[in-house]
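Asks: Could you put together the complete structure from these sequences and hints?
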Amino acid sequence: MTEVIAVAGYGALSEAYEWLIRDENLSPVGAAARFEDLVTSLPPNARVLDCSCGTGQLAVGLAGLGLDVVATDASAGMIRRTSELAGEHRETLDVRQIGWEDLTDHLEASTFDLVFCVGNSLGHAEGRRGRLAALASMAQLLRPGGRLVLTSRMWEAVRARGSRIDVRDRLIRRNGRDAVVIYHTQIAPDWEQEHHMEIAVTEVRPDGSLRTCAERLSFWPYRYEELVAQLQSIGLTVETTTLDSDGAGYLLVAQSSDGRSVNETGLPVSRA
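Just so you know, we're using this note's numbering here: the sequence shown kicks off at 18 and counts up by one.
No lab work stands behind these hints: they were computed from the structure. Treat the hints with care, as some may be off.
Stated by the list, open to error - For each label pair, taking beta carbons as the anchor points, the in silico distance ranges come out as: (1) E35 - E215: 15 to 25 Å; (2) S226 - G83: 38 to 48 Å; (3) R39 - S235: 19 to 29 Å; (4) R222 - G47: 24 to 34 Å; (5) D54 - R222: 36 to 46 Å.
As the structure is a computational prediction, the values presented were derived from the model and not from experiment. Built from N, CA and C at the ideal position, the CB exists for glycine as well.
Replies: Here it is as structure tokens:
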């Protein structure tokens, strides 16, 4: 017998997200180690925001390093999983269900040393205007000299490959359980149009039955040059990037250097 769960907005996938995470990022220690160079330069008790926390590996790992961590996500399922993981590791952090557009309504401006938006999550912001508004909200929370840390797919390569179905070539084992992951990517004709990706995680249960969690997610791809231009328009300067035109994705670190904040339109405003 096959059980299928299909919910939108990372509802179902929050229950099966461990099969979508790379092995090295499965543990909080491993997830935080990726950003060791950035974290070691921070002062003691620095304030850090993970505004796309997913199931919490990075946020909990950063808390384990003694940082003052706030973890937010738009998905109630992801927030629950993050809280559970924090409890398992006995780490204290502030976990809240907040979308990007509401960050500045709930968190104080100019109070964070680092803001993380990782896991390719920025592609879920709705088009050019939605992405700029999300970035502006993140930037407004940074202290002068604070850094925004992004990871992104190389969307140019994703669009070049066109619509397709990708099936992982091996069973993935998590906590003694096996599953296969299938991605169905649907590419729209134009960059600014809504694209879709359906992800299915089919777990093989001990009795031989299958349990599938599937969601159809919307995304809006963007060119690297456009991302850099938007960051510059809100007063952030790209400090480092691992961009490789032949790669699958990249890490980008942008710094707030002029002591200004930004409003939701992306226009600089004074902090005075």
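Asks: Take the hints in turn and mark each one as holding or not.
Replies: A quick look at each hint next to the structure:
1. Taking the beta carbon of each, E35 and E215 are about 19 Å apart, inside 15 to 25 Å as hinted.
2. The hint said 38 to 48 Å for the Cβ distance between S226 and G83, and at roughly 44 Å that hint holds.
3. Range check, R39 to S235: Cβ separation about 23 Å, and the 19 to 29 Å hint holds.
4. At about 27 Å, the CB distance of R222 to G47 agrees with the hint of 24 to 34 Å.
5. Taking 36 to 46 Å as the suggested C-beta distance range, the pair D54 and R222 conforms, at roughly 41 Å.
The structure is consistent with each of the numbered hints, conforming to all of them.
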